[in-house]
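K.L.:
For the record, the sequence lines run as chains A and B. Each residue of the first sequence is one higher than the one before, counting from 1 in the numbering used here. Each residue of the second sequence is one higher than the one before, counting from 1 in the numbering used here.
Be aware that one or more of the hints could be misleading.
Unchecked claim - Derived DEER-like restraints, expressed as beta-carbon distance ranges:
1. E25(B) - K22(A): 33 to 39 Å
2. V118(A) - E32(B): 44 to 50 Å
3. E120(B) - R117(A): 27 to 33 Å
4. L5(B) - M10(A): 30 to 36 Å
5. V6(B) - Q83(A): 28 to 34 Å
6. K84(A) - L5(B): 48 to 54 Å
7. N99(A) - E33(B): 54 to 60 Å
8. D106(B) - M10(A): 34 to 40 Å
9. K3(B) - N43(A): 35 to 41 Å
10. Q83(B) - M10(A): 24 to 30 Å
11. V6(B) - K7(A): 39 to 45 Å
12. N43(A) - R57(B): 17 to 23 Å
No lab work stands behind these hints: they were computed from the structure. C-beta: ideal position from N, C-alpha, C; glycine also.
What follows is the residue order along each chain.
Protein chains: 2
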Amino acid sequence: MAKDLVKMSMLYDLYGGMLTEKQRELFTLYYEEDLSLAEIAQNEGITRQGVRDTIVRAEEALLEFEDRLHLSDRLSGIRLSAQKIAVAAYEVGEINRRNYFDTRVDAYVREIIEATRVME
Amino acid sequence: MAKDLVKMSMLYDLYGGMLTEKQRELFTLYYEEDLSLAEIAQNEGITRQGVRDTIVRAEEALLEFEDRLHLSDRLSGIRLSAQKIAVAAYEVGEINRRNYFDTRVDAYVREIIEATRVME
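Just chain A, with the same shape it has in the complex (with noise of 0.2 Å):
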C-alpha cells in the first residue's frame, strides 16, 4: 500500500461518492488527515490490519471507477486546456496593455481568467 496522495485524492475527488460510509471515514483520516494506520486503529477501536483492508478496498474501487470511467483523465485534459487558455489571455492583455490600452480587450482578458478558474 504505497501511498500516492496525489493520484488517490484525485479519484476520492471524483468517485469518493460511490464508496461506503465507511471506507470514506477512514480513507479520510489516512489521506487527508494523514493518520497512521495504528493510530486510525486505536481511534477507531478495530485492529490495525482492519483499517488497512478498508482501505485497500477503497483504494481498488477508485482504481476501478477510473479505469471504467477515464473521468480523471479527461478532467485533466479540461485542466490543461484551461491553463493553455489562462496564458493565451493573460498574453493578449501584456500585449493590449503596452500597445493599445482598449478596456474592452482588457475586460473580457480578465472574463477568460475568471472562467477558467472553474476549470481548475
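Dock chain B against the given chain A, drawing on the hints supplied.
P.N.:
Chain B in isolation, oriented as in the chain A frame:
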C-alpha cells in the same frame, strides 16, 4: 419510462462504463439507434418486458451515479464557462481585426477558441 434523450445520453456518456454489457447493448439500441422496445425484443429474442426491465435498471443506475457523484453537473459548469470563454475570445478577435490588426492577438485568440473545444 419517459424517454429523456438528452439527459440519459449525457449520463450514459459519463457513467456507461459502470453498466453491464447487456445493459449497455440494450440502452444503445433504445437511446442511440432509436429502436422501439418491441423491435429490440424481436432482434434480441427476448420479451418486450425483459428489454424494458433491463433499460429501466440501466436508467436507474445512471441516475444513481449522478446522484452520488454529480459529475454531469460539474461538466455542465465547465461547458458553460467554455462557451463564455469562446464568446469573449471571439469579441477580442473582432476588436483586434477592426482596430489593431495585431497578428499575435489573432493567433492567441485562435488558440483560446481551439482550447475550448476539448470542453464541449
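K.L.:
Hint by hint, say whether it matches the structure.
P.N.:
Right, here's what the structure says about each hint:
1. For the pair E25(B) and K22(A), the supplied restraint of 33 to 39 Å holds, since their beta-carbon distance comes to about 34 Å.
2. Between V118(A) and E32(B) the beta carbon distance is about 30 Å. The supplied range of 44 to 50 Å is therefore violated.
3. Between E120(B) and R117(A) the beta carbon distance is about 19 Å. The supplied range of 27 to 33 Å is therefore violated.
4. Restraint check, L5(B) to M10(A): a C-beta distance of roughly 32 Å satisfies the suggested window 30 to 36 Å.
5. Under the hint 28 to 34 Å, the C-beta atoms of V6(B) and Q83(A), about 30 Å apart, fit the expected range.
6. A hinted range of 48 to 54 Å is violated for the C-beta pair K84(A) and L5(B), which are about 33 Å apart.
7. Judged by the Cβ atoms, the range 54 to 60 Å given for N99(A) and E33(B) holds: they are separated by roughly 55 Å.
8. Taking 34 to 40 Å as the suggested C-beta distance range, the pair D106(B) and M10(A) conforms, at roughly 36 Å.
9. At about 50 Å, the beta-carbon gap between K3(B) and N43(A) misses the expected band of 35 to 41 Å.
10. For the pair Q83(B) and M10(A), the supplied restraint of 24 to 30 Å holds, since their beta-carbon distance comes to about 26 Å.
11. A C-beta distance of roughly 33 Å is found between V6(B) and K7(A), which places it outside the suggested range of 39 to 45 Å.
12. About 40 Å separates the C-beta atoms of N43(A) and R57(B), a value inconsistent with the hinted range of 17 to 23 Å.
Hint compliance for this structure: hints 2, 3, 6, 9, 11, 12 are broken, all remaining hints hold.
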